[in-house]
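Asker: Protein chains in written order, with my numbering: chain V, 1 to 110; chain E, 1001 to 1608; chain W, 2001 to 2278; chain U, 3001 to 3235.
No lab work stands behind these hints: they were computed from the structure.
Note that the structure is a prediction, hence the values are computed from the model and not measured.
Incorrect hints may have been included.
[What the hints assert, rightly or not] Covered stretches of chain E (chain U as the covering partner; in silico rule of three or more C-beta atoms under 8 angstroms from a C-beta of chain U):
hint	stretch
1	1136-1143
2	1217-1225
3	1260-1270
C-beta atoms are modelled at their ideal positions from N, C-alpha and C, and glycine is treated no differently.
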Amino acid sequence: MEQNNKKTTSTHSIGIYLWIWGLLFVFSTFSYLVDWYNFQGLLRWSLIIFFMLIKAGLIMSIFMHLYWERWAIVNVLLWPMTAIMVFVAIMTAESKYTFFTRALFFVTGV
Amino acid sequence: MDNEYNNNKIETKAADSSSGSYVPPADNIPASEIPEQELYHAKSFWTRWVFCQDAKVIGVQYALTATAVGLIGLVLSWGMRLQLGFPETFSFLGPATYYQSVTMHGMIMVVYLLTALFLGGFGNYLIPLMVGARDMVFPYLNMVSFWMFLVAVLVLISSFFVPGGPTGAGWTLYPPQAILPGTPGSEMGIVLMLVSLSLFVIGFTMGGLNYVITILQARTRGMTLMRMPLTIWGIFTATVLALLAFPALFVACIMMTLDNLLGTSFFMPEIFTMGEQLGTTGGSPILFQHLFWFFGHPEVYIVALPAFGIVSDLISVHARKNIFGYRMMVWAIVIIGALSFVVWAHHMYVSGMNPYFGFFFATTTLIIAVPTAIKVYNWVLTLWRGNIHLTIPMLFSLGFIVTFVNGGITGLFLGNVIIDIPLSDTYFVVAHFHMVMGIAPLMVIFGAIYHWFPLISGRHLNQTLGKIHFWISFIGAYAIYFPMHYLGFIGVPRRYYEMYDSPYMTTGVGLNQFITVAALIVGFTQILFLYNIIHSAFYGEKSEKNPWKANSLEWHTPEMPPAHGNFGKDLPVVYRWPYDFSVPGIDREYIPQHVAPSEVPTAKVEKT
Amino acid sequence: MFVAVIFFLIIIASVVFHIWSPWWWTPVASNWGNIDSTIELTFWITGSVFVAVCSFMSYCVWRYRYRPDRKAEYKPEDKKLEIRLTALTALGVIALLAPGLVVWNKYVTVPENALKIEVVAYQWGWNYRLPGDDGILGTTNISLINDENPYGLNPEDPNSKDDIIVMDADLHLELDQPVKVELRSYDVLHNFYVPQFRAKMDTLPGLVTFYWFTPIRTGDFEILCAEYCGTGHYAMRGKVLVDEKTDYTNWLAKQITHEKMLAQNKENKKLLTAEIKN
Amino acid sequence: MSELDISRLPKGGKGFAHDFAADQTTFKGVPWGKAMMWIFLLSDTFIFSCFLISLMTARSSTIAEWPYPSEVFGLTIFGVEVPLLLIAIMTFVLITSSGTMALAVKYGYERNRKMCAWLILATAIGGLTFVGMQAFEWSKLIFHDGIRPWSNPFGAAQFGSFFFMITGFHGTHVSIGVIFLFIFARKTFRGDFDTGRRGHFTSMKSDYKAIEILGLYWHFVDLVWVFIFAFFYLW
Ligand code: HEA
Ligand code: HEA
Ligand code: CUA
Ligand SMILES: [Cu+2]
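Chain V on its own, in the form it takes in the complex (with noise of 0.2 angstroms):
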């Protein structure tokens, strides 16, 4: 198990991991304030998932050190995320799709 490539898992300066976790505070109060100041609709959807990508790929890129990865496990773990968005997408029609034929067949509110 032990690798023989000490050099190579060079440590980073502690500047980054203190810029990240400022920036990670800065984004989660961003995203805490669309809730505050109560912004609806596809601005409030926007931004939440704005944020929260950004946050996302902060932690996955500087502290799960996946920027500094090689290309091999990078890939590795993000193309499978298309299924995840093939079935994100799929489940979407789906659920419009059924809140539409309740919609359209049953009395609501009883």
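Got chain V sorted already, so can you dock chains E, W and U with the ligands onto it with the hints?
Answerer: The following block gives chains E, W and U with the ligands in isolation, referenced to the frame of chain V:
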């Protein structure tokens, strides 16, 4: 404490440190990147045979457990066939018992037999040997994986003995019926089934991580991915599929357990049953179906891909010819694996999902036929201009090709959404999946057992019994399922306990009796096979080393059967793919993977 | 030799069985005859591939069976051949898929003039509802179901008053009148399947699903439940009777509307309570 | 044994092709345990994705009112309604612990035993705080607001079901992480990673790389929370 580990740090004889004699540049193999693996050497009976950390023993444990449950599944199928062929003859077979048999039969066969046997059994045994590793990367975790599997099996079996019996919800476990009282086993049976599946997933994940990392990170020097035997490619891709697909099953199991035990409404809409309101609101049964088939379709390829891989190796070795189009074969496996995540809803064409999904899923489903077709072509083209030994593994491989093409083609019927409308949920589907999953991969399993039995036990299986076993199993199974398609055309729905009061179904009476008789004959033939295994393990003809003259590493261990650590003092170094049979320009008939180019300088081999 | 012959015979036998099989689909009784044609096309394409591939395999087994003096060919790949085969297969797939999708498009596009009827499934039987004069089915909810209102119809919905209630396993349809069946279930999944109509779709609780067809032949057709729904699944049968126009109108006249049924049920209940009191 | 000098290998897309064509290891310079943790996290991602997809499906297909999380999870502080206050604090606590973990990994690689151990301990305490706050949140919802897995007074029944299931599953992940963090803190203080002491069950040698692996897990838990926060609480 240290001396129970042999830190047999080998002095690597990398080509660059060649001592004196001339080594042609082709022999250049990079130095080892990974240090020698520490092995835990067993000291007592318990740690050697029971809580063993040797992947080979774990593989055998997996295989035996899977076979044992598989036999239960087989016996259950007899019960079903007796009822279908000769209804009202066997009083112990009521509708509830029938449905419980169908469910347990389906689930056992798919998950606990085939998945466990291919990945847990063959995977554990073959992966380290074939990629030139001493063991799985985390032997301890690997051991725990088997014990989780065993617990899952025991939980499953225990459901036969609880009040209400095992669940009779069909192996697809669709809610709401799976947890409502109109279905047999809705008391304890369904909960035990869900728990057992969850445990299976957890146990499998432990094993699966081992298989994947062993293949990716622990190959021997020279073993590039494109030099791995297709067996490993099949098992590898299947394992990746499993790691990504089982989560959906796991989630569905958790949600259904909560629906059942806590009364949540994940999958339960407003329901009025047995004269009363249930009190659940707003859930969606279709959501379960999506989750189930997001797992379920990859699952059928999880049991098919290892079979594809193994059969490629069997055909190549026994036809003494390189596998045709190796690269295409590898890409086909990978593409099939990737595509299998975007076709799942072809099981839901008639489920009432958004009707426009039909277009998307029919297209993706039929696209999958293209890489699969390439594999089929390459198998038969491997036979072309080969020198075919009609050994038992070869016979089973031929049987596989016929049944798989047949079953695959009926898959094309079902995949084309409009054709699925009349055929869905009829015996046509039953025939399709038995052909392609019940028979084809089982043929490969049998062939593989005849092929690798000498490696595992040092003895051959009896050939005469083997031939009888093959012919009865193959022709018999074909006779069971080929005519069954036509029941589907008549319109006989599946999961019908009894079907003879409908005018057009009566025409199927004779056919059903014939199928039942054939199924019983085939079933009993397996006893012959079991006898063959047990008898030959002790008294079989002793096998010489590498009896089939194969090239892959597992046959070239210092001892046969291979010892703990697999390869003695030095790990082999690999210089070529495992398919160098009948190479021109040289008098050897085959060149094992670890033979250096300098040893066979005149061979005109393709560069791999 | 022996092995190759047997494999070949199996293929011959499969074809022969297919041609002579007495087991075949029932004559079609709806407008979905083009489903049958699509199946036939698929049979031709895939059948010939099956025969070709397996015969070729048997031939190889016979022609290249083991002989000690022969050496197999060494040929790792043949790009051209593989590309050609891939293209050919892709062509086959397109030939199968294109007509299939065209028919599917028809299947999911309900014609304007279709009569909307409701099929209600329960463990283990069938009921129906017809729209009445307004041609519209009233909305429902399962939580509204009780003894008096067995369908869970919305009493506030004006469309529901004249809905015709058929609490019987037999459904009558008019010849050549396109129908859109709207499928609903009280309890679990079922599937409304009449083999002669070729069409089917699951019924789900908490959702309304649909399909459409036009009956083109009079007669009695059995309804089979084609989605597993519990112990009684195999016994969940019903009947569709396709009538000429006059027979159909006669039958329709005998059915009862929802409004009347509600009144009747109330009356019955009063009588019942009165009886109990006495 | 010659060394594999990763810095000399091609990078980017070329490196990708090189690594997949290379022998022995596909993930160059990635220890077995770390590769395994990554693949496990990938599998676990699928689990959480399925949970969240189910949540969103239920949410947009139900015709009942979906409760407004902002109000349900609001707290009244000094008479002021503050939306999502507790959740926001929990988020910050988890991010903090993620930061300390990242630093612990850094000091682990620098073989700075003391720093590393204290930071792991800090992470563990952060995790514990998170679990504690989650317990508080659960009890408030159950006992004060009357939310149950099968129903709730605010609207769609699935609200409570998904809430308890998803946060419960995430909380389980956190709790497991906290247990391991404490174990690792002890091991680090004891110097196991310097002496290479063998593990109790697996009998494998301890190595500072294990801390990075634990770190991956911990960051993943944080990562999942980012998604839960977005889809459950904010959406
Ligand atoms: C090992 C398992 C396995 C495999 C490999 C397959 C392979 C395929 N399956 Fe099957 N299937 C199952 C196991 C499997 N299936 C099971 C268990 C079920 C039922 C589950 C249940 O409901 O209980 C099922 C059900 C099922 C359905 C749902 C039916 C229904 O419930 O209504 C469908 C529909 O699309 C389908 C399609 C296909 C297709 C298109 C393939 C394709 O991958 C096949 C590809 C192969 C070929 C095409 C043959 C080789 C090709 C050639 C020789 C070239 C010629 C080709 C052309 C001319 C195009 N299958
Ligand atoms: C791998 C999967 C597999 C296998 C091998 C089988 C084998 C058999 N099955 Fe299968 N069956 C399923 C998977 C399988 N089945 C599934 C998924 C369903 C759907 C369940 C559902 O609807 O919910 C089903 C349903 C099903 C039905 C439909 C029931 C219904 O809808 O009402 C019938 C009916 O005839 C049937 C019959 C048989 C018979 C006669 C055999 C066999 O007897 C065929 C002959 C036997 C063999 C070819 C050898 C078998 C060998 C072993 C089992 C293991 C021994 C192993 C070693 C020694 C290593 N099965
Ligand atoms: Cu109703 Cu099956
Ligand atoms: Cu499928």
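Asker: Please check whether the stretch 1136-1143 of chain E has three or more residues whose CB lies within less than 8 angstroms of a CB on chain U.
Answerer: Contact hint for the stretch 1136-1143 of chain E vs chain U: holds, 4 residues under 8 angstroms.
Asker: Establish whether the coverage given for the stretch 1217-1225 of chain E by chain U is satisfied; the threshold is a Cβ-Cβ distance below 8 angstroms, and no fewer than three residues must meet it.
Answerer: holds (count 9)
Asker: Under 8 angstroms between beta-carbons, do enough residues of the stretch 1260-1270 of chain E, three at least, approach chain U for the coverage claim to hold?
Answerer: Contact hint for the stretch 1260-1270 of chain E vs chain U: holds, 5 residues under 8 angstroms.
Checked against the numbered hints above, the structure violates none of them.
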